[in-house]
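Peer 1: Got chain A; can you put chains B, C and D on it based on the hints?
There are 4 protein chains.
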Amino acid sequence: MSARTLFDRIVGSLAATGVVKHAGKRRADRLAGLLRTLISERGEATGAVLARRAVALYRGLDPSGREHFFARLASEFSPDREEVLAAANAYHADPSPAHFATLQRVTEPPRQEAFRRMNMAPGGTAALLDLRREVIAAMKAHPELAVVDLDLAHLLGSWFNRGFLELRRIDWSTPAAILEKLIEYEAVHEIRGFPDLKRRLERDRRCFAFFHPALPGEPLIFVEVAFVNELPADVAPILAMESVVGDPRRARCAVFYSITSCQPGLRGVSFGNFLIKQVASDLHAELPSIKVFATLSPIPGLRAWVKRTLKDLEPDRATLEGLAAWYLTREWDGGHALDPVARFHLGNGARLDRINWMADGSSKGLAQSFGMMVNYVYELGDVERNHEEYVKRHRVVCSGAVERLANGVQPVVEKARGAPISPS
Amino acid sequence: MSARTLFDRIVGSLAATGVVKHAGKRRADRLAGLLRTLISERGEATGAVLARRAVALYRGLDPSGREHFFARLASEFSPDREEVLAAANAYHADPSPAHFATLQRVTEPPRQEAFRRMNMAPGGTAALLDLRREVIAAMKAHPELAVVDLDLAHLLGSWFNRGFLELRRIDWSTPAAILEKLIEYEAVHEIRGFPDLKRRLERDRRCFAFFHPALPGEPLIFVEVAFVNELPADVAPILAMESVVGDPRRARCAVFYSITSCQPGLRGVSFGNFLIKQVASDLHAELPSIKVFATLSPIPGLRAWVKRTLKDLEPDRATLEGLAAWYLTREWDGGHALDPVARFHLGNGARLDRINWMADGSSKGLAQSFGMMVNYVYELGDVERNHEEYVKRHRVVCSGAVERLANGVQPVVEKARGAPISPS
Amino acid sequence: MSARTLFDRIVGSLAATGVVKHAGKRRADRLAGLLRTLISERGEATGAVLARRAVALYRGLDPSGREHFFARLASEFSPDREEVLAAANAYHADPSPAHFATLQRVTEPPRQEAFRRMNMAPGGTAALLDLRREVIAAMKAHPELAVVDLDLAHLLGSWFNRGFLELRRIDWSTPAAILEKLIEYEAVHEIRGFPDLKRRLERDRRCFAFFHPALPGEPLIFVEVAFVNELPADVAPILAMESVVGDPRRARCAVFYSITSCQPGLRGVSFGNFLIKQVASDLHAELPSIKVFATLSPIPGLRAWVKRTLKDLEPDRATLEGLAAWYLTREWDGGHALDPVARFHLGNGARLDRINWMADGSSKGLAQSFGMMVNYVYELGDVERNHEEYVKRHRVVCSGAVERLANGVQPVVEKARGAPISPS
Amino acid sequence: MSARTLFDRIVGSLAATGVVKHAGKRRADRLAGLLRTLISERGEATGAVLARRAVALYRGLDPSGREHFFARLASEFSPDREEVLAAANAYHADPSPAHFATLQRVTEPPRQEAFRRMNMAPGGTAALLDLRREVIAAMKAHPELAVVDLDLAHLLGSWFNRGFLELRRIDWSTPAAILEKLIEYEAVHEIRGFPDLKRRLERDRRCFAFFHPALPGEPLIFVEVAFVNELPADVAPILAMESVVGDPRRARCAVFYSITSCQPGLRGVSFGNFLIKQVASDLHAELPSIKVFATLSPIPGLRAWVKRTLKDLEPDRATLEGLAAWYLTREWDGGHALDPVARFHLGNGARLDRINWMADGSSKGLAQSFGMMVNYVYELGDVERNHEEYVKRHRVVCSGAVERLANGVQPVVEKARGAPISPS
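Chains as they are written, first to last, in the working numbering: chain A, 523 to 946; chain B, 523 to 946; chain C, 523 to 946; chain D, 523 to 946.
Chain A with its partners taken away, still in its complex shape (with noise of 0.2 Å):
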């Protein structure tokens, strides 16, 4: 322990120099050849003590060792070419259990391996998940380490499988140290201090939280929920700190009103239609009286797309409503919709329900969408057929008036496009 606080000073005290650099990517060399030790055979019998020290390697690199780790990652642990084509060759001539089973070896990066050896030691998940974020922030300037990152995202979506995930509901007697990390994370509207989140959690709310048995005291993904007697149209209510709490056995619609992804690590690995779907089941049981499961949602993309088509035009609030309603449900980007919200709510089976002016006045809701919001609704009988048509049909399943509005706005955008839009 001493020795490596030496040797920390010294590659401090030579960080001027440029002797560093190198200092991090000897660090990085021992890393990886210790992760080849991992995953062979001797690694069986020292695995617990190897992972512990290829943990404690990782966390103690420094970026430049950390750069020169990840390219070995991406270079050194793939599958081998030769091997690769030898075994797809056998395996076309013979899909044999024997051919099988060499495909699969050789397929398999050695990478998985490694990480599935440092996933032993005490907080290995946690340093995988570390691990990942670190690759895609890297994978800007380095474009080959995302094979490591798809090796990363495979192994972490198999571990974070829903079956895995343990639904937890979040009040006030929850410990101090998770509520502090919803504060941190909550990324729809800001969480300012414990008061504020105090009121979130009073018995008119509600807020669950996936977490994995590995990380106990991380949530994964949060959803926070308001007991209202209507679908709302304003988020300002919902948020306002010094609200009267309602009685939630009388409440006739339950908003989804944020949801958060807490890992960036985690990446890719969806949660949330599970979530929803979890907690509107487990709420239609609890509180017989909701009729309505909706969000009350932000259409982060609108005003961006609005500039680009509509250009210098000044659109009138009746025609950015219908623009709101267009951009919706007719914005597509190879199979999807083109707003990222849209495209999480309507893939899950969600019906686009309505557009609300002036729901979010916040300078960031004026910024992203005029300041409109829109709410999905979750009706649990239909969200098959409604996925169905979204994903089969291109097809947003959603309200009269949406569609109205929709409609009535396509000769401005066809006159912005200088072209007629035929029918999808």
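It is worth saying that the hints were derived from the structure and are not from the lab. Incorrect hints may have been included.
Any copy, or any two copies together, can satisfy a pair, since identical chains are not distinguished.
[Claimed, not checked] Straight-line C-alpha distance at most 25 Å; calculated DMTMM-like pairs for lysine to aspartate or glutamate:
id: 1; residue 1: K720; residue 2: E706
id: 2; residue 1: K703; residue 2: D726
id: 3; residue 1: K547; residue 2: E910
id: 4; residue 1: K720; residue 2: E702
id: 5; residue 1: K662; residue 2: D616
id: 6; residue 1: K703; residue 2: E724
id: 7; residue 1: K720; residue 2: D693
id: 8; residue 1: K662; residue 2: E589
id: 9; residue 1: K720; residue 2: E740
id: 10; residue 1: K720; residue 2: E708
Peer 2: Okay, now just chains B, C and D, sitting in the frame of chain A:
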């Protein structure tokens, strides 16, 4: 529910007529179709519901239905040969991230995704363990099912990673439902009911098990430890129910006298190594008086090997002890010790310390090994080196006494084989 | 610790010589002195340490020491007669707060404070329960110890207030250490080991117990419930280990077939009433199909009463049933039903519903009550009224059938007593 | 429920008219009658139901109703004067068990049994704590309520016996609902919100509280500890939110810098002594490097005493320090140190170690004690002896420095009082 009951009743009444086989087959086909949907994009929106349905369908399959389902899993959910070859060629030509991604996608069998989706249902993990247990059983008659087994082994090995396991102490305050399972599963020295188990959980004993969060009531593997004053040469005093309870703080030796893997569905996923070392390390910290960590282990393959080798010869006691030493140290099979228990402990880096005559006088003990047992000693500081000797040089690290015993019977073995034995 | 071991050894070797009695007495004197200190002001600063010492000393007393200690508790820790009289006179003259305070102070026996201080030690509550159990046993030979018992009964009754008790369901996931205690304590229908108990914890059964936070592993009282279709007339099917497990959601009747008080040290502190009503109320909420809450109870005093009353007469079956009805409804003792089980249930407000011939064919059942058992029915809405009838009018609320049975044997009882019986 | 709501509404509307007072009185009478029933024999059968009703009635009383209820508790639930005198005479003549039993029965106020019965309801214990808090408040105007307070104090003192309390560590993983109470209750050094509290729970700090099982979310008393290198002379660095977090394993001194009793309803039930000693003993075992356990305590009564004693004199700094030493060591009131904090720690057996000039520069600190604070040192081995000195000889064990400071100002005090002071 009642519809299904009716169906079951009809199936039951048709069992003798052969019609039932078609019913089972139809349900298996339904399940296979459901899995297809589940791994399609549509499965994402309604995954939880479909996964429940799939697990329920699987649980309801009769033997003929299962057989049919396994066959479809093996034949239709494997990687596509053409796609595999094309992807391998592309990757061989240029291992770019895109080609890498395609290769990974097309070589992973769709079965894996199907299993991951089934796991999302409540009880999914338990269902997959059962599925694998049954596939293993069916493989004897249908070796082509090996591909299904391989996929499950890979998936379960990843999911039951040591980093996700929880080490729990088992004692008399453990729920009876779990203690009952220990009684049922114990594979080395039968536990004759709760009073017998109670003695094994007194304060001069310890019992530890690994658990997985998705199976909280199911021990995966457990080890029983006795605290004694010296390396034991006889298992009877340890198993005696009426023995005086000793003071653990005065013990010098911790004996691992029974290790049982509980889940056939996890065959080949090895926890034993981690369990022994973790327990030894924890006990070392808790009870500093303990200086020796060792086993008192059976030699399951000895008698069969002696019979094969010596045919009709009737060796005396000294010769038998020598043959045991020889068998454990000199007989190898494909780079591994021939005896399965030896293979496990030597592979873990233990030292073979002593052959104990008449250490297990039970009929099982006599039948397996003429009543002999052995002590493997775990010295945590030597484990890595011993393991290297075993793996790299195929040498068993053992005491001088065992070495001399083995050397002493070399002429007997040579004579029986009719040929001199060259040094390995 | 070793000094004490030495002391114990010496005491042991002197046991036969009579010297030991003096040693025991000396330790008892030491303990009495320690309690004096403990209740002085000095005890406040060092209370925790002294309390530990007192409990340890008490635990170490041999029988003669305990006897001596109890005698000192009775004689020296009672209220001072002169102080009591002076305080009573002052209070009588003027019940001012000051006089009230003095009265309370001098009439409370110093024993109570001594016991409260002992309770501060770890294990103190358990020691006091043992102390009372032993005082009760010693009271037979030493009736003057009744004052100690009275104080302990008062203190424990206050501490084991229902508001401090925790109702826990006992099932197969309960720690074995607690289940073992149920097996040991069961006083009505012997539990023959863990498999027998397991059957009593299946899903067509329930078991509940009260626990106190200071004795987390010690059930205070427990009740066993069976769900059946109709009011049972025979206990054998309920006790049968191999019986088919029924569906609790279809049961119409919850039978309380065994209630056991576990702690002799809590004699007279009654929990049974609360337990039955809480369990009935909880089951009513959980399983709406259950319409009848009833017992199947022994009649422990019947045979002895019949023998006393009828002397040598050998009644036939019809007469015996009538006598049972008579005994339970017409025989009183100081305002309470003569039969202790009847007294409990009738005092709780239950209705005596049915006499069951040959409901308990065990030798105990035959010896107590010619094999008869009775059903007491708890109708939660009637409990208050039934209780009033019982307490105020000394009338047992019972079914018409039981009433007729009792009326039918009036001539027999009159003849045996040689006198007509006037209506009560 | 709705009937009650209606009642409340009516009461509300009559509030201004004076009718409400009668309504409150009627409810109070109803409650008093209910308590009478509850302590009669009938209360045993239906105790749980009646207890709930009583607690609900009490909770619903308005201020005038409470006042009336308290008055009835004081006047009608006291021991009967004649019965008391008769029992005292009988006990005086012959302290037999029977006379003892009668004496106990008639001198115990029926209030006590009424309170014990109320405690059986859910929330009963909390209601009784509130009841006592309100009785204490009402006592100022109605000193005759002292008898009610006395009974509650006795009962709660028995129930909140240290043997029933649970010591819990409070840290950042404690439920927010409990942390919020600490912020609210803190009485020594105000906690300014969650971030301030978080600093006080870092690893160089500790916080412990006692809890009672019947009030699981309510701290009864809590202590805050800081680990520092030497006996602190200034509280500001300890309270600074931005201070560097130290390593607890290197600390030499544990400072108890804040102790707060949380429950006014438990006034006079002392836990502080147990808390400090238990925490000191636990920390001693956990962190062997800590050699000194001490407080940094306020001197709440100093300034007022100085003003009273010295009138218009304006002492200099040296004199003020001397006066602090004098006040803490020489000023007694009825056998106790005059200063309440000194009384607590000296009574616990602590040593007065040092007077610290300008240790608390807050306005409160300046107002109470010219900014001075003191260190009381707990040496566990000396606690018993120090306590004896304090209790038996009315001598404060203190350091030589404090002794000299006190001696130095004797002329000043004598002059101010106009008389020489004889040695105590």
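Peer 1: Now tell me if each hint is right for this structure.
Peer 2: So, going through the hints one by one against the coordinates:
1. K720 to E706: both (14 Å within a copy, 15 Å between copies)
2. K703 to D726: both (22 Å within a copy, 22 Å between copies)
3. K547 to E910: Neither: 51 Å inside a chain and 28 Å across chains, both beyond 25 Å.
4. K720 to E702: Close inside one copy (11 Å) and across copies (10 Å); limit 25 Å.
5. K662 to D616: For K662 and D616, the Cα distance is within 25 Å only across copies (21 Å; inside one copy 41 Å).
6. K703 to E724: both (18 Å within a copy, 17 Å between copies)
7. K720 to D693: both (8 Å within a copy, 19 Å between copies)
8. K662 to E589: The answer is within: 12 Å in one copy meets 25 Å, while 49 Å across copies does not.
9. K720 to E740: Both: 19 Å inside a copy, 18 Å across copies.
10. K720 to E708: Answer is both: 14 Å inside a copy and 20 Å across each meet the 25 Å cutoff.
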